[in-house]
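Chains as they are written, first to last, in this note's numbering: chain A, 1 to 198; chain L, 1 to 232.
One or more hints might be untrue.
What the hints assert, rightly or not - The calculated label-pair distances, taken between Cβ atoms and stated as ranges, are: (1) L:L94 x A:E158: 37 to 45 Å; (2) A:A166 x L:G182: 33 to 41 Å; (3) L:I71 x A:A82: 40 to 48 Å; (4) A:D37 x L:K85: 54 to 62 Å; (5) A:D37 x L:E144: 36 to 44 Å.
Claimed, not checked - Among chain A residues calculated to face chain L with C-beta under 7 Å, some are: (6) L18; (7) L54; (8) D69; (9) G73; (10) A102; (11) A105; (12) V109; (13) L138; (14) N145.
What the hints assert, rightly or not - Listed next, the in silico SDA-like pairs over lysine to any residue satisfying Cα-Cα at most 20 Å (straight line): (15) L:K202 x A:A78; (16) L:K172 x L:E133; (17) L:K85 x L:D28; (18) L:K43 x L:T53; (19) L:K112 x A:Q121; (20) A:K148 x L:D28; (21) L:K112 x A:A78; (22) L:K43 x L:K112; (23) L:K85 x A:R79; (24) L:K112 x A:F143.
No lab work stands behind these hints: they were computed from the structure. We put the CB at the ideal spot given by N, CA and C, even for glycine.
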Amino acid sequence: MPDKTLVIACGALAREVLALIELNNWQHMELICLPADLHLRPDKIPDAVEAAVLDACDKYSRIFVAYADCGTGGLLAARCAALEVEMIKGPHCYSFFEGNEAFAARGEVTSFYLTDFLARQFEAFVIKPMGLDKHPELRDIYFGNYEKLVYLAQTEDEGLTRAAEAAAARLGLDFERRFTGYGDLVAALADVSSQVYK
Amino acid sequence: MSDEEDDLILDELDDGELVLQMHDDLYDGMADEIAEAVHILLKRKWTPYDVLTKALVEGMRIVGIDFRDGILFVPEVLLAAGAMKKGMHILKPLLIETGAPQLGKMVIGTVKGDIHDIGKNLVAMMMEGAGFEVVDLGINNPVEDYIEALKRENADILGMSALLTTTMPYMKTVIDTMVEQGIRDDYIVLVGGAPLNEEFGKAIGSDAYCRDAAVAVETAKEFMARKHNRAG
Ligand code: B12
């Protein structure tokens, strides 16, 4: 079996994983993605991940699942353990981008988060699935209890910052930008990468 | 929808057709049509309780099934719930007047750290529709708020909702505190929210995990019946 690592990632992490592969010159690491909209139906994630793992396991010496729990209530972790593959620690990407410890310590309750992915895909992954394109009157039913939109920025990108700011205005929320970089994703992937060559 | 259907005159439908039309209108989130149909049925001498259960609750039950099966998503459920709310708003004072059955009292809220409330609101509405009195504590509730409300309201049932894997363990904190205070067995504790499952519900010491609002209503009825049998 070739000494290669496969990363099976949520589509919302595609750019970020590719950026880290390039930055670190992890040539033995390949990426496939599952559709990002699975995060709206987390009950479907464990089966989708399992199918991808089973499909790839004889072609790679190591597989890493670039998902956090993502609302599966521990079921994805259980499935990964059964398949003997590792995954990212933490509840969701907002948490691991900031760093799971820092995110938990902040104890923020009334913030709605965007990542680079969501700032870029706000229309397709927030507005449309929540039906706000057709029913803008639902906005306050969804977001009435929120105070601010926090843009957790993975990169320095003026355009995305402006997009995130516009998203906040559209949702009627205050705006804050926090630069996080890739957070815990860096260490998680570096760990997988180094283990192959142990 | 075609023009023909747009022009549908609800008052010309017989009762059976009208109720089926209401199920459709609820499904499509058509609040004004629901309000109109509620008035028509009342004018035809339906009891408020029958309008509520046969037209509205039954319609929402169908919505719930299609949500569970992935045919409808959150916005459609919200619109349907909005339509039902409008119908219930008309019926509520009449239900009180006519002394519709009261099955028990529930205190419900989303746990501390979590402000997801769509599912919780739906459960509250369906419980009300089924004849429970519901005290809704809203979102982000610390244990003290739950316990204070249970005592103040002399409630039968505690309902807790959580949609985040980080907040679901807080349900155990609430139940453990109730145990410490020796009041756990005074209440029926029901828990729900998408990331939960039956095993979790058992592990934290709740009476039941409920997958959706319809199951919540059935479970609550069952436990209340058992409670009365024990008491009687
Ligand atoms: C809609 C939604 C939102 C809305 C919430 C609006 C609102 N006012 O509630 C918005 C867009 C604002 C939102 C925000 C966030 N969300 Co959100 N959200 C969802 C989504 C897509 C649907 C939840 C929902 O409302 N379903 C519809 C209702 C009808 O279903 P339900 O809640 O499951 O309730 C039913 C049953 O569970 C049961 N039930 C529910 N409660 C109770 C209680 C009792 C007592 C009983 C008996 C039964 C019961 O009966 C209900 C009716 O049938 C879920 C994914 C999913 N599919 O579950 C993510 C999800 C829960 N959210 C998630 C996240 C991460 C967030 C955010 C952090 C995202 C962000 N970008 O900032 C914030 C949360 C901030 C915070 N502090 O709470 C994650 C959780 C991940 C995790 N590890 O926990 C999920 C799983 C999506 C994901 N994979 O990323 N969210």
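Discussion item. I'd like to know which numbered hints this structure contradicts. Please list them from smallest to largest.
Written reply: The structure breaks hints 1, 2, 3, 4, 6, 7, 10, 11, 16, 19, 20, 21, 22, 23; every other hint is satisfied.
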